[in-house]
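Using the sequences and the hints, build the whole thing.
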Amino acid sequence: MNKQEALFKYILRIADNNLVLGHRLSEWTGRGPMLEEEMALCNMALDLLGQANALLQYAAQVEGKGRTEDDLAYLRNDRDFYNTLLAEQPNGDYAFTIARQFLTDTFDFYFYDELRKSADHTLAGIAAKAHKEATYHLRHSSAWTERLGDGTEESHQRMQRAIHELWRFTDELFEMNEVDDILLREKVAVDLRGVKTKWNQKVDEVLAAATLQRPDNVFMQRGSREGRHTEHLGYLLAEMQHLHRTHPGVKW
Amino acid sequence: MVKKTAYSRDNIFKLLSAIPDPEIPVITIRELGVLRDVRMEGDAVVIDITPTYSGCPAMKMIEDQIREEMDKAGISKFRINLVYSPAWTTDWMTEEAKEKLRAFGIAPPEKTSSDKNVLMGKKKIIACPRCGSTRTEMVSQFGSTACKALYKCLDCHEPFDYFKCI
Chain A
797 MNKQEALFKY ILRIADNNLV LGHRLSEWTG RGPMLEEEMA LCNMALDLLG
847 QANALLQYAA QVEGKGRTED DLAYLRNDRD FYNTLLAEQP NGDYAFTIAR
897 QFLTDTFDFY FYDELRKSAD HTLAGIAAKA HKEATYHLRH SSAWTERLGD
947 GTEESHQRMQ RAIHELWRFT DELFEMNEVD DILLREKVAV DLRGVKTKWN
997 QKVDEVLAAA TLQRPDNVFM QRGSREGRHT EHLGYLLAEM QHLHRTHPGV
1047 KW
Chain R
123 MVKKTAYSRD NIFKLLSAIP DPEIPVITIR ELGVLRDVRM EGDAVVIDIT
173 PTYSGCPAMK MIEDQIREEM DKAGISKFRI NLVYSPAWTT DWMTEEAKEK
223 LRAFGIAPPE KTSSDKNVLM GKKKIIACPR CGSTRTEMVS QFGSTACKAL
273 YKCLDCHEPF DYFKCI
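If you read the protein sequences in the order shown, they are chains A and R.
Just so you know, the working numbering puts the end of the first sequence at 1048, numbered straight through with nothing missing.
Just so you know, the working numbering puts the end of the second sequence at 288, numbered straight through with nothing missing.
No lab work stands behind these hints, which were simulated from the structure alone.
The structure presented is a predicted model; accordingly, all values stated were derived computationally and were not measured.
Below 25 angstroms or equal to it, Euclidean Cα-Cα: the simulated DSS-like pairs (lysine-lysine) are:
no., chain 1, residue 1, chain 2, residue 2
1, A, K983, A, K913
2, R, K246, A, K998
3, R, K274, R, K246
4, R, K220, R, K274
5, A, K799, A, K913
6, A, K1047, R, K182
Some chain A residues close to chain R (C-beta under 7 angstroms, calculated; not the full set):
no., residue
7, M835
8, Q847
9, K928
Just so you have them, the derived chain R footprint on chain A, three or more residues with Cβ under 8 angstroms:
no., segment
10, 918-924
11, 932-939
Don't be surprised by glycine CBs; every beta carbon is placed ideally from N, CA and C.
Below you can see the structure in the form of structure tokens.
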């Protein structure tokens, strides 16, 4: 693998997380538990899709095969997506959506904080912007984690269950492979070991404030770095891509 | 055939500076800090713009408006360049623009854009743009557009938008 191929895969990894999670959040449109939360989720979905758009544009440019950001979003199959398993999990109840968001936002916050120092100026620029947005997202999801965790008996149980069910997808967030090795040497990629330390600290702090237990002895799932996903991604892509695939290049 | 006046960089910058923001029409894209620069590359014009938020849907509209203005001026050799770095910040908003926002009913961003304060959830005192009271309360961090949060005034009881600091 050369640097160009590694960079292409690295950008896709970040872009796909935003694209898939943004799509998941947009599924709440018209179904939010209350107006303010619905607007919050739509706003966050918009931020994530905007980030995905900028990243996929850059990925297409790096690949240099004449593909556009739309081709990359709508015409790739699930095995060519590199988003984490965490991002593709279905919304579930509100506690589940909040837990998925909290675990992701914490990662994004520290990840983008490092990526904005990347030697790759385009990535650094996108990361600087995304970091500001992730700050708001994290504030929202950590406040809700506390509110539900330290809320009623029912909300506590649901929040605890959500954290427990999603925990098995958290190891994978920090997995590094050949792509990272190549780009770390070039000072382009982020060393995820450092992000993991900060992630652990923040997660522990919020879970404690929310009176929630940090799960242990959980069997960790992995596979997304090689494009292997849970069954949920295929259904998500079917919905997201079917219009574009049925009517190629359609505009409205 | 009417001879076209050759436009200078400054002329074009002035021309584009007058474009109003599609969401908040009382301020221009220049006052908002979205229009960053106009540069000449040979005989072509490069227009640098930056998004306020990554997914801001108004960006497309702003690009269309720029194209329209350039067409009207008869300039065909130009391109719009989207810049991400340095990232847009509310600190670039002029004092004049902030006053216009307040008069329009939107509480302007409070200096300064400190990421840590936002993360730690430290409260900022936001004055009601209608009655000036500082007894206000945040209803939601996310408002009617990506750049705004929703507040309400405890004195005049009016809900209002606050332009978030980033």
